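> Residue numbers (this note's numbering), protein chains in the order written: chain A, 72 to 169; chain B, 1407 to 2408; chain C, 894 to 1088; chain D, 48 to 467.
What the hints contain is simulated information worked out from the structure, not anything from laboratory work. Just so you know, these numbers come straight off a predicted model, no measurement behind them. Every residue gets a Cβ at the ideal spot worked out from N, C-alpha and C, and that includes glycine. There's no promise every hint is true.
[What the hints assert, rightly or not] One side of the interface only, derived from the structure: several residues of chain C facing chain B at Cβ under 7 angstroms:
#1 905
#2 907
#3 909
#4 933
#5 947
#6 1000
#7 1007
#8 1024
#9 1071
#10 1087
#11 1088
[What the hints assert, rightly or not] Covered stretches of chain B, going by a simulated chain A footprint (3 or more residues, C-beta under 8 angstroms):
#12 2154-2162
#13 2185-2193
[Stated by the list, open to error] Sample of chain A residues with no beta-carbon within 12 angstroms of chain D, all distances over it, derived:
#14 75
#15 80
#16 81
#17 88
#18 91
#19 98
#20 99
#21 100
#22 101
#23 103
#24 149
#25 151
#26 153
#27 155
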Amino acid sequence: MLITCPYCGPRDVIEFTYQGDGNRARPEPASQNFEAWNAYVYDRLNPAGDHNEIWQHSGGCRAHLRVVRNTLTHEISSVTFVRGHHGSASRPEAEDRS
Amino acid sequence: MSPRRTDTGGRIDRLKTIRFTFDGTAYTGHAGDTLASALLAKGVILLGRSFKYHRPRGLLTAGVEEPNALVTVLKGEVREPNIPATMVEIHDGLVAVSQNRFPSLAFDINAVNQLGGKLLSAGFYYKTFMGPVVGPLKGTRFWMFCEHFIRRAAGLGSAGSAKDTARYERMNAFCDVLVVGSGPAGLMAAKAASDQGARVILADLEPRLGGSANWTGETIDGAPAADWARRTVAQLEGRDNVRLLPRTTVWGYYDGNTLAALERVSDHKDQPGKGEPRHRHWAIRAKSVVLATGAFERPLVFPGNDRPGVMLAHAAERFANEFGVLPGQRIALFTNNDSAYRAAVALKKAGAAIAAIVDVRPEPSADMRELATEAGAELLAAHAVIATEGGRALSGLKLQRFDMSNGALNGEARSMHADCLLMSGGWSPTIHLASQAGARAEWDAARQAFLPPKPAQDGPVQRWIGAGAFTGSFSTAAAMAEGRAAGISAAGATNTPAALPVVDAVPGDPDPAPVFEIRASGKSFVDFQHDVTAEDVRLAHREGFVSVEHLKRYTTLGMATDQGKSSNIPGLAIMAEALGKPIPEVGTTRFRPPFAPVSIGSLAAERFGDLRPERLTPMHDWHLANGATMYSAGLWYRPMIYALAGETVEQAYVREARATRESAGIVDVSTLGKIAVQGPDAAEFLDRVYTNMFSTLAVGKARYGLMLREDGLAFDDGTTWRLGEQDFLMTTTTANAGKVMQHLEYFLDVIWPDLKVHVTSVTDEWAGAAIGGPKARQILATCVTGTAVGNATLPFMGIVRGRIADVPVMICRLSFSGEMAFEVYCGAGHSTHVWEALLDAGKPFGLVTYGLEALGTMRIEKGHVTGAEIDGRTTARDLHLDWMLSKKKPFIGSAMMDREGLIASERLELVGLIALDNRPLNGGAHIVEEVDEANPHDSIGHITACCYSPALGKYIALALVKGGKARRGTRAHVSDPLRGRFGPVEIVSNHFYDPDGNRMHG
Amino acid sequence: MVERQSPLEPDFHVGSHGNFEHGVEVILTETRPDSIVQLAAWPGEEKMLIAAIRTVTGLALPDGAGAGVSDGVKSAFGFAPGKFIVAGEAEGLADAFAKVVTPVIGTVTDISHGRTAIRIAGPKAEWVLSKFFAIDFALTAFAVGAGRSTVHHDIFAQIQRTGTDQFDIYVFRSFARSVWKALCRASEEVGYDVQ
Amino acid sequence: MMAEYSALSLLANALKGNKDWKPAWRKPDPKASYDVIIIGGGGHGLSTAYYLAKEHGITNVAVLEKGWLGSGNVGRNTTAVRSNYLLPANTRFYEHSMKLWENLSHDLNYNVMFSQRGCLNLAHTPAQFDDYARRGNAMRHLGVDAELMTTAQIKRLIPALDVSDSARFPVVGGLMQRRAGTARHDAVAWGYARGADRRGVDIIENCEVTGFLRDGDRITGVTTSRGDIRAKKVAVSVAGSTGRVMRLAGIETMPIESHVLQAFVTESLKPFIDTVVTFGMGHFYLSQSDKGGLVYGGDIDGYNSYAQRGNLPVVDEVMSEMLALFPGLARVRMLRSWGGVCDMSMDGSPIITTGPLPGMYLNCGWCYGGFKATPASGWCFAWTIAKDEPHDLNASFTLDRFHRGLVIDDKGQGATPRLH
């Protein structure tokens, strides 16, 4: 499986660490809404189909990526930085050279 | 030259003689021979024994799909079992032996299994061996008794335990177009794609590229097809955008067009070159893939079809044309299609006598009749072979008239003499890789075969393109046209018409008659290696195992080393007939990697003999040179003890710990995780990450911190030093360094992207030496320049910068040992220099080096926790660290840490233990209220760490015990049935030694 | 100043090794720069940081992910969004950057001791590296000067292409000896020199 | 009622050319309603049906299987059976399973080839040896067999194992459970199917559940590809597809992720190893099937998947660990690999419970442990369905334990399924 890192370009899955379900919303740090906390920590959508998930390019630029991947076919339809990197030094080199 | 060897033709070099042995007998062959062709040339017909009935078997095929002729190749003590003789290239000194026979291939005791016959029918073992309900053999015992013998009768070759001395390697490759298969279609594809400037890789599992061009005897552009192939290969070799990979089996089609291939680099050589691997494991990331993998010929199912001397028609053609070997002198053919006629002619040309062509079809075409005449063969249309004769080698066969409309046999049976019978049951495209890629095969009634799906126009991105026999285009001309087109579009260009090489091929209709089995009395084999007969398939049907997967699993059809390459379709056909359904409704199995068996060594590749890298501290060589016994901790190596001559481990660590508490000791702490936390929001970030406050920490001071997981359980601990307003140095435990780093990065990237904080691993930047003991400060005073180290300048948890032996150092006064102690950090490249300077300064004060054991001993005496206590199941409260849980702010885990399960009484809590019987304790021992050595029960906890405490003069331990805090001052017992250690202990506080910390505050 | 100790010492054997009788196709060495600095810009401040690199080193770092430059003495390349490695044969590069890279722009982290730089050069350098790293080393995909962050199992590596057939590999010091031994072994097939 | 299987019936049939064997189970059409519907014709669903009939006399039961019977993980696992867990809740449950295994072939009149050849966990550092001692002692304090082995004893038991000091991770000892072993996985599914069928249970293949029939909150049946079927009780036993089926009932999230786990088998070999062995410095387990193939596996691929196909990194990792233990196997060849979809729960332990909706019963979250659990899982689930309350053995395998902080985390990894 290849994941196209917005910074590093297409890389083998061996370079990435799976960080799980990207739909989970972490409550405000001070929140006392325990149901929300429990849902955030333990409950998963786990869809059969497109899955919004987080991967860290731990064996590369170490950025966290928001990936939409089909759990039935492993087809990846989109990869973006979780944290916006608007800086010009974040464009894939490939684009600059093609 | 042997009588079976033709004088000319083929890929072999008749001038080069190769010497090898098979089952201890010396043979000769020629360069270019496979073990199969060389033995066949010598008239060796019997090459193996079948799995279940141990029936004698000869060659069925000439290639990778061979189910019968499996051998073990020996390289000294190292064994390579189950290799098809058809895939072994002979070289001088090759040693091969046959398998699954005792005492010999010719006489095999287990052949008695054949008498078992119907008793050993499919699935018989599920119905018996259950044994008596009572007595010594009840339960599983009787089965295990039988199993012992069954296991020894089963199995093919033997694996060895001698370490393979060969080298294996990985190769990561990237290309625009990967072409799998180098037949006419593949060669055309590679050529066309490379013409477009694409980066091309062409792989073929055979040593010689060219595929069918090497043996069909057809001519291309007026020259023998084999010559055309050679010319084209030479052309491609010259292009630097093309990589040719002969002897390379593309076996796996993984996600994202990642394909796995096995290159047999040096198996065919007497000796590999210096540093040359035996196998290379290619991971190929291809933009697009051309599958030109050809097709497999199918056997016909009839009584005695497994007798040595019965072979697939194209295999005989290959042996004759590619290796110059005749599989027999007097040959008969049995077919349901035209392709066998070409084989008949080829063998005739090669010098064999063709006894007859037996064709199940009533009216072979005029072309075929002509070919039969050309082959000098009697053509028996509407006939079938109903039996074969001979012992361990074919001597003749029986025929009868056959009506393919109803499968009926009629008329007089007739015998015929022949020493070789060639069969052809039609062809099945090699769609395995496409199937791995997720393609659903489609049944083609005309071809009587599953074909790959046609590329969908509006479908998703086309990952692969097919060409040649793979798509069901069995004619060479069509294959070449498809190959060229596939190569061009794979390269992303548009196809333009161009003149194609002119093929002069033997005529033939690609569609076989829908005949798979001749039903007559006697064992008719479907899966040759596993001895699955047509009757077994019908039995599976009778018992309801009718879905294709049940058929496979119940009869083991297609589960042998050939994975059913030649048996799947005949098996399906017989089941379909039993069900009265068309074949596609029985279904086909999804093929899974690998296409053909792959050496495990190649998959381990560079990690064979080197599973994990060694992680070394900067003082590693010094430790080794100075008598340290090293301890493997994760990937790190750390000194365990520095034993003096004759010392036991306990004596050594007791001496080291005692000396440290009496004067001073020094230990390498470079493995501690170190993370630079920098930026305007660094302090705020640490407040959120740690349970306690860090924003209040003054510059030049350090603080002990505790982290929880989101779920509220303890995660990691360590000290963090504030080096500047926006600049912190965090330390973590050695084991969790990587996990903590990812934890921090996750929160910064995903949860709090607004925080301006950078985290960087600087574990390897700093070497660390912890020096502790009553004399520690004096020692520093004598060697540190540029700063004072007294209480005023360097109070507890203070940090100063100075120099030792002209090297800049950073010193923090903190203590794990419980003594007055300092951690001295310097650039890793200067570590040994500083370490030795400290030792020199320490000599007059009796400074000793100490290792992990003494470190552990002193931490147990102090009751500090490590990974043994922070084990992912304990809370801060369980470890009496609740004083660190800030009430002033939320932090990671704060919302979850008070859930009912985490604050329940009866949780395991940290306590100290003192052995009342003054005997050593064991890690992992359990704690009970009442000892019951006979049948231990009611554990209330376990020991996490233990030692002999020189400070207390007792054997002590840390333990996690149910409601432990409340049990302090009470008695319990260790219960360690695994090691027979039982005895009384006193439960005490985990702070055994200097609980008020007077010594370290000093 | 005290000479720095190389983590490779016991396994650093100058000379020809492996299949060198058939020609040496790879040269392995340790570049030992005095300074290796990691620079990281806050989002949006990358251009300022690139300017700072020019001020301190005179290197004109091209903009763009993974872009880099090397003048033979000093090198700089991007390895992550807004993050750069600068290496040079001068002590105290970190201090020099600390003066120029203000907290508004980003952070400076000295890793001069923490990383070991191994250089592999020669016609078979790509071939040998491809035995370990799953990235495309072809010149068309990996330009001279450019940088890459990648990994071989447990070993994280930052690689800069400092020539058509020359690569500088930055690895964590504690892993350097394992990496070195693996590279030597993998080069035996093609014959190699240690210099 | 079909004939008992025995050496005699085998002989009698052989003499008649094996023409009289009857189907191992009927292929009935679904009735309009049942007392209990079990969704999932895998090992757990079939054993649940079997014990409902055998232990509780509930025989008006249908097992609905979407594809072919046993097509899920019962036909895809590496067949190890053991009860060597650390935490009491797991140890007790798996030990109950072990006791059922020990009599299963007789109970089912079907040879499931349960072979108690032992399971050995290798330790590679003194600290790990103590960890295994803690686990072994925990087992012993619950009456489960366990013993520590020295390196020398291990070398005698597994001659091919590399126990040299030069190994990257030398073997310093191990934890052995003698009563552990392996079984023939398909036979377990077929044996339970035949056993349930003989007691009147309808096993309905190629019958996909497409939705739930409800009366308000209450589940009253299912809609299927073969029509609507009503039932007093509907039990869900579809580990691997739990998320998909629960979604049909309107339950969007679960404390479960579906992950693909790969397994491998080598070509058939003469007897090479007589026990199940696991590596302590990675994730690797190996045994040898009676046909001679070495059956082995490692970690899940580590990302959500329902695809039953894995990728290369795990393949390479597993083979590397295999050769670290058995360097003599480098030239032996991997014959086949496949993938199964695991229900990875948030603490690595299973869920067997009533609910979460009225009329519904749930069995899921088996992680790596499903096959060995097959008998006890069905036994406990049948009890829970019949009595509308859990048995002591599965009382702690609830769905709400996560939120309440009552997790059963044998590995101590927290809510990170890829680490369990």
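> Confirm or reject each hint.
How the hints compare with the structure:
Interface hint status for residue 905/C: violated, as the beta-carbon distance to the closest one in chain B is roughly 12 angstroms, over 7 angstroms. With its C-beta approaching chain B no nearer than about 19 angstroms, residue 907/C sits outside the 7 angstroms limit, and its interface hint is violated. For residue 909/C, the interface hint is violated, since its Cβ never comes within 7 angstroms of a Cβ in chain B; the closest pair sits about 12 angstroms apart. Hint status for residue 933/C: holds, given a least beta-carbon distance of 5 angstroms to chain B, under 7 angstroms.
With its C-beta approaching chain B no nearer than about 21 angstroms, residue 947/C sits outside the 7 angstroms limit, and its interface hint is violated. Because the closest C-beta pair between residue 1000/C and chain B is about 4 angstroms apart, less than 7 angstroms, the hint holds. Interface hint at residue 1007/C: satisfied, since its Cβ lies 3 angstroms from the closest Cβ of chain B, which is below the 7 angstroms cut-off. Because the beta carbon of residue 1024/C sits about 6 angstroms from the nearest beta carbon in chain B, less than 7 angstroms, this interface hint is met.
Here the hint on residue 1071/C is kept, as its CB sits about 4 angstroms from the closest CB of chain B, short of 7 angstroms. Proximity of residue 1087/C to chain B is violated relative to the hint, the smallest CB-CB distance being about 15 angstroms (cut-off 7 angstroms). Taking 7 angstroms as the C-beta cut-off, the interface hint given for residue 1088/C is violated, the closest approach to chain B being about 19 angstroms. Counting residues of the stretch 2154-2162 of chain B whose C-beta lies closer than 8 angstroms to any C-beta of chain A gives 5; at least three are required, and the coverage claim holds.
Beta-carbon proximity to chain A at under 8 angstroms applies to 0 residues in the stretch 2185-2193 of chain B; the threshold of 3 is not reached and the given coverage is violated. For residue 75/A, the condition that its CB be more than 12 angstroms from all CB atoms of chain D holds, with the nearest at approximately 16 angstroms. Distance check for residue 80/A against chain D: the nearest CB is about 18 angstroms away, which clears 12 angstroms, and the non-interface claim stands. Non-interface call for residue 81/A relative to chain D: holds, since the shortest CB-CB distance, roughly 14 angstroms, exceeds 12 angstroms.
At roughly 8 angstroms from the closest C-beta of chain D, the C-beta of residue 88/A falls inside 12 angstroms, breaking its exclusion from the interface. With 12 angstroms as the threshold on Cβ separation, the claim that residue 91/A sits away from chain D is violated: the shortest Cβ distance comes to roughly 7 angstroms. Against the 12 angstroms criterion, residue 98/A stays outside the reach of chain D, whose nearest CB is about 14 angstroms from its own CB. With a least CB separation of 19 angstroms from chain D, residue 99/A remains clear of the 12 angstroms interface cut-off, as annotated.
Its beta-carbon lying about 18 angstroms from the closest one in chain D, residue 100/A satisfies the requirement of being farther than 12 angstroms from that chain. Every CB of chain D is more than 12 angstroms from the CB of residue 101/A (nearest about 20 angstroms), matching its label as outside the interface. Residue 103/A, annotated as away from the interface, keeps every beta carbon of chain D farther than 12 angstroms; the closest lies near 15 angstroms. With a least CB separation of 16 angstroms from chain D, residue 149/A remains clear of the 12 angstroms interface cut-off, as annotated.
Listed as outside the interface, residue 151/A is consistent with that label: its C-beta sits roughly 17 angstroms from the nearest C-beta of chain D, beyond the 12 angstroms cut-off. Chain D leaves residue 153/A outside its interface by the beta-carbon criterion, the shortest separation being 16 angstroms against a cut-off of 12 angstroms. Every Cβ of chain D is farther than 12 angstroms from the Cβ of residue 155/A; the closest lies at roughly 24 angstroms, confirming the non-interface assignment.
Checked against the numbered hints above, the structure breaks hints 1, 2, 3, 5, 10, 11, 13, 17, 18 and satisfies the rest.
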